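Protein chains in written order, with my numbering: chain A, 5 to 441; chain B, 484 to 874.
No lab work stands behind these hints: they were computed from the structure. Each hint should be verified, as a subset may be incorrect.
[Stated by the list, open to error] The list that follows gives simulated cross-link-like pairs (lysine-lysine, DSBU-like), each with its CA atoms no further than 35 Å apart:
#1 A:K284 to B:K734
#2 A:K289 to B:K825
#3 A:K318 to B:K614
#4 A:K289 to B:K798
#5 A:K330 to B:K798
#6 A:K318 to B:K607
#7 A:K260 to A:K230
#8 A:K257 to B:K607
#9 A:K318 to B:K734
#10 B:K838 to A:K318
#11 B:K870 to A:K257
#12 B:K528 to B:K734
#13 A:K253 to B:K517
#14 B:K614 to B:K825
#15 A:K262 to B:K870
#16 A:K330 to B:K517
Since we're looking at a predicted model, the values are computed, not measured.
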Amino acid sequence: MSKRKILMIGWEFPPNIYGGLGVATHGIAKALGELGNKILLILPRITGKEPKDKNLMILGVNSRYLPFTKEELHKFLLETMHLSNINIYESRYFLPPEEVLRSLERTSSLVQEELLEVQQTTILEGGYTNNIYFEIQAFAEFVAKIAEKLKSIDLIHAHDWMTFPAALYAKHLTGIPIILHVHATEFDRSGEHPNPYVYNLEKYSFEKADAIITVSNYTKNILVEKYQIHSDKIFPVYNAIDFQYYEDKPARKPIKQKIVLFLGRITFQKGPDYFVRAAKKVIEKIDHVKFLMVGTGDMYSRIIEMAADLGIGKYFHYTGFVPREKIDEIFKISDVYVLPSVSEPFGLTVLEALKAGVPVIVSKQSGVSELIQNAIKVDFWNVDDIADHIINLLKDEDYKDQIKQKLNEEQIHRITWYDSARKIEEIYDHVLNKIRK
Amino acid sequence: MNSVCFYFEVHQPYRLKHYSFFDIGNPHYFDDEKNREIVLKVSNKCYIPMNQLLLKLIKKYKGDFKVTFSLTGTLIEQLQKWSPFVIDLFKALVDTGYVELLAETYYHSLASIYSENEFREQIKMHIKLMKDVFDYTPQSFRNTELIYNNHIAWVASTMGFKSILTEGTEKILGWRSPNFVYKPKYSPQIKCLLKNYRLSDDIAFRFSNKYWEEYPLTADKFAHWVHHIAGNGHVVNLFMDYETFGEHQWKETGIFDFMEHLPEYILKHPDFRFSTVSEVVSLYEPVGEIDIDYAISWADMERDLSAWTGNSMQKEALQCIYEIEERVKSKNDPFLLENWRKLLTSDHFYYMSTKFWHDGDVHKYFSPYDTPHQAYIYFMNALEDLKHRLE
Numbered sequence: 005m006s007k008r009k010i011l012m013i014g015w016e017f018p019p020n021i022y023g024g025l026g027v028a029t030h031g032i033a034k035a036l037g038e039l040g041n042k043i044l045l046i047l048p049r050i051t052g053k054e055p056k057d058k059n060l061m062i063l064g065v066n067s068r069y070l071p072f073t074k075e076e077l078h079k080f081l082l083e084t085m086h087l088s089n090i091n092i093y094e095s096r097y098f099l100p101p102e103e104v105l106r107s108l109e110r111t112s113s114l115v116q117e118e119l120l121e122v123q124q125t126t127i128l129e130g131g132y133t134n135n136i137y138f139e140i141q142a143f144a145e146f147v148a149k150i151a152e153k154l155k156s157i158d159l160i161h162a163h164d165w166m167t168f169p170a171a172l173y174a175k176h177l178t179g180i181p182i183i184l185h186v187h188a189t190e191f192d193r194s195g196e197h198p199n200p201y202v203y204n205l206e207k208y209s210f211e212k213a214d215a216i217i218t219v220s221n222y223t224k225n226i227l228v229e230k231y232q233i234h235s236d237k238i239f240p241v242y243n244a245i246d247f248q249y250y251e252d253k254p255a256r257k258p259i260k261q262k263i264v265l266f267l268g269r270i271t272f273q274k275g276p277d278y279f280v281r282a283a284k285k286v287i288e289k290i291d292h293v294k295f296l297m298v299g300t301g302d303m304y305s306r307i308i309e310m311a312a313d314l315g316i317g318k319y320f321h322y323t324g325f326v327p328r329e330k331i332d333e334i335f336k337i338s339d340v341y342v343l344p345s346v347s348e349p350f351g352l353t354v355l356e357a358l359k360a361g362v363p364v365i366v367s368k369q370s371g372v373s374e375l376i377q378n379a380i381k382v383d384f385w386n387v388d389d390i391a392d393h394i395i396n397l398l399k400d401e402d403y404k405d406q407i408k409q410k411l412n413e414e415q416i417h418r419i420t421w422y423d424s425a426r427k428i429e430e431i432y433d434h435v436l437n438k439i440r441k
Numbered sequence: 484m485n486s487v488c489f490y491f492e493v494h495q496p497y498r499l500k501h502y503s504f505f506d507i508g509n510p511h512y513f514d515d516e517k518n519r520e521i522v523l524k525v526s527n528k529c530y531i532p533m534n535q536l537l538l539k540l541i542k543k544y545k546g547d548f549k550v551t552f553s554l555t556g557t558l559i560e561q562l563q564k565w566s567p568f569v570i571d572l573f574k575a576l577v578d579t580g581y582v583e584l585l586a587e588t589y590y591h592s593l594a595s596i597y598s599e600n601e602f603r604e605q606i607k608m609h610i611k612l613m614k615d616v617f618d619y620t621p622q623s624f625r626n627t628e629l630i631y632n633n634h635i636a637w638v639a640s641t642m643g644f645k646s647i648l649t650e651g652t653e654k655i656l657g658w659r660s661p662n663f664v665y666k667p668k669y670s671p672q673i674k675c676l677l678k679n680y681r682l683s684d685d686i687a688f689r690f691s692n693k694y695w696e697e698y699p700l701t702a703d704k705f706a707h708w709v710h711h712i713a714g715n716g717h718v719v720n721l722f723m724d725y726e727t728f729g730e731h732q733w734k735e736t737g738i739f740d741f742m743e744h745l746p747e748y749i750l751k752h753p754d755f756r757f758s759t760v761s762e763v764v765s766l767y768e769p770v771g772e773i774d775i776d777y778a779i780s781w782a783d784m785e786r787d788l789s790a791w792t793g794n795s796m797q798k799e800a801l802q803c804i805y806e807i808e809e810r811v812k813s814k815n816d817p818f819l820l821e822n823w824r825k826l827l828t829s830d831h832f833y834y835m836s837t838k839f840w841h842d843g844d845v846h847k848y849f850s851p852y853d854t855p856h857q858a859y860i861y862f863m864n865a866l867e868d869l870k871h872r873l874e
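One chain only, chain A, in its complex shape (with noise of 0.2 Å):
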């Protein structure tokens, strides 16, 4: 079958990442554009930083900062995805600030105007602001007009419930199939208490896809038990490796002490609290170690104040936020990397944790252990469990190294994203023949 034509919608991407989801978001889409499929990624707001891949054309709402020339875009919009009207797209670029700010005025009438006005009156910031329910509207409304100026897509393919509703109007208006990618569920980031606007636009736009794609069978289970989806369309397929690899430089290490990782956002998702409470058993033993907490989140706060109340602050250094090209380093410095997820869709980490040749310990209760077999994998509730390996890990070498070289003997790190984007063909092609049929 000859490369399809995919209309792609994200929210996160790199250099703007808060989680995984922009990172498997370029993963995918730069893997599946080197194996001749073209793609139109549209993201609610890009910088021009974007890293430009093969086949690959990134567009934001209202951006100014466009990673390529705006000949480039023509030529991709015009030549390969067929755009009816050209026009529509003169005079959008270099609106000067003031314009932009004063046009944030009148967003309101957004589902009358045309493309032109759209772009210009609206800006959206991305991310995850309390703003965020009428930007995913804005978003599915700007994403939906140029849809409908594309003449020769195949797919949508959208990334995450703030894109499902982008998806969905798309589909209204052309008729073109949709695939929502599953990186993460209601259940993942909220636990038992799903937020229900959110709860109910994943539930429906799962029943409106063509089908979809989730990072593992644990969040397919997920899925059909939860949301009561039919399993015959839900297709796993497995997140892999960064493509970014960089120079194999030596990292400094800061301190002298022994290094136990956590690297992630700092939310109820992840667990945090499992790995200050374990951290206490450890230091009950050990006192020559040091427990690294990379990220931010909601809980940052209460995850400092926690350490702090059970005495054992002084044994933890908190980095907040870091930039991609950091972590390299940091796992290099690191000897155990814990991820005590409540709930892991997948858990992206974990393989860039094994990369580095860091022993992994991994909550079960994750879409990354499915792919791991010889991962250390606890339940995120059992401290004890947790700390036990911590302290085996730490304290016998012998221990350490075999662990480490079962986790080599397979391979995970040779797992690319050529491997997913192909799998990812094959369910672009399964929706298309379907519909030919």
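Based on these hints, arrange chain B on the given structure of chain A.
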């Protein structure tokens, strides 16, 4: 005869850099650029104009107007480095003979609570600094943020001070008035001066508050309130941050005009004079005893230590820095010791306060960091580096 005793605390800390985990290994913890910027800003807004105004007033009233200062070591060092003209102005003030300087902890620390040894050393360092810079020997003592209890009074007494300052809170006074001299229980040879917080805070906090029923505060009105104590008090102790003038209360609020005219109105009453701290204790006999085991201070609504030790981050940071005292000192490394002492400055712990309500905004106003947790993180990172240097 009654006295009005103005005492000003003048202090600037060495604020920490945003010292991250990855900075550990670099023994330079303090944000020179920011500290310089702040010292210059406060010099221009407060220290220079207010010193000049006080000089003018002292000359004008030829000995009838006097004030008392305490200048922390960390302030003096930074002024010497970045704003030496202010030092010259302070020297000129001291040279008039109508300005008293108090002793305190060199690093504006909480050592009085955590290490008596370090407490005494820092006071001695500060006395030496006053001698070196101003050729002046302090007679009286004030502890960081007026932190006080029986033991602190006793230490000050054993060091030979005539008097010690603290907050005139109901916690120690009960029904009694702050407008007299008292003596600490167990240390009868030293005398206690208590801040009249109502009148002090009228200037320091309420002066520019438009919602205050007494707004605007005029020198005439304020002098009238002060004169009210005649017959039921000896001294009105007006203790406040020096930065009140021009920095907390901006020039535009009229604070300088208020101060310029205040002596005239105070002195209109023939029974009132200005006295310095040590003069007050020579003039008046103690009328009662102050007895307090736990520490009080002039900070926040609670008037206790909770501004610095209220949450577990603060407690842990304090414990971690004081528990290495012996090891730091046994290293005989002057740069290391100096770094350790600069980390003892109480402001670092104040920035970690999570008290929100009323006082939270005050904490926030003074903090160079976005959150108390950040203050804690940078402090603990710097402390970790310092600990590595002990090995």
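Okay, the hints, checked on the actual structure:
1. A:K284 to B:K734: 52 Å, violated
2. A:K289 to B:K825: This hinted pair holds, its Cα atoms lying about 33 Å apart.
3. A:K318 to B:K614: Outside the cut-off at roughly 39 Å; violated.
4. A:K289 to B:K798: Holds - the C-alpha atoms of B:K798 and A:K289 are around 23 Å apart, at most 35 Å.
5. A:K330 to B:K798: With Cα atoms ~32 Å apart, A:K330 and B:K798 stay inside 35 Å; holds.
6. A:K318 to B:K607: 31 Å, holds
7. A:K260 to A:K230: 46 Å, violated
8. A:K257 to B:K607: 40 Å, violated
9. A:K318 to B:K734: Roughly 43 Å separates the two Cα atoms, so the pair is violated.
10. B:K838 to A:K318: The given pair, whose Cα atoms are some 22 Å apart, holds under the 35 Å limit.
11. B:K870 to A:K257: 15 Å, holds
12. B:K528 to B:K734: The hint holds at about 8 Å.
13. A:K253 to B:K517: Cα-Cα ~33 Å, so holds.
14. B:K614 to B:K825: Cα-Cα ~21 Å, so holds.
15. A:K262 to B:K870: 16 Å, holds
16. A:K330 to B:K517: 26 Å, holds
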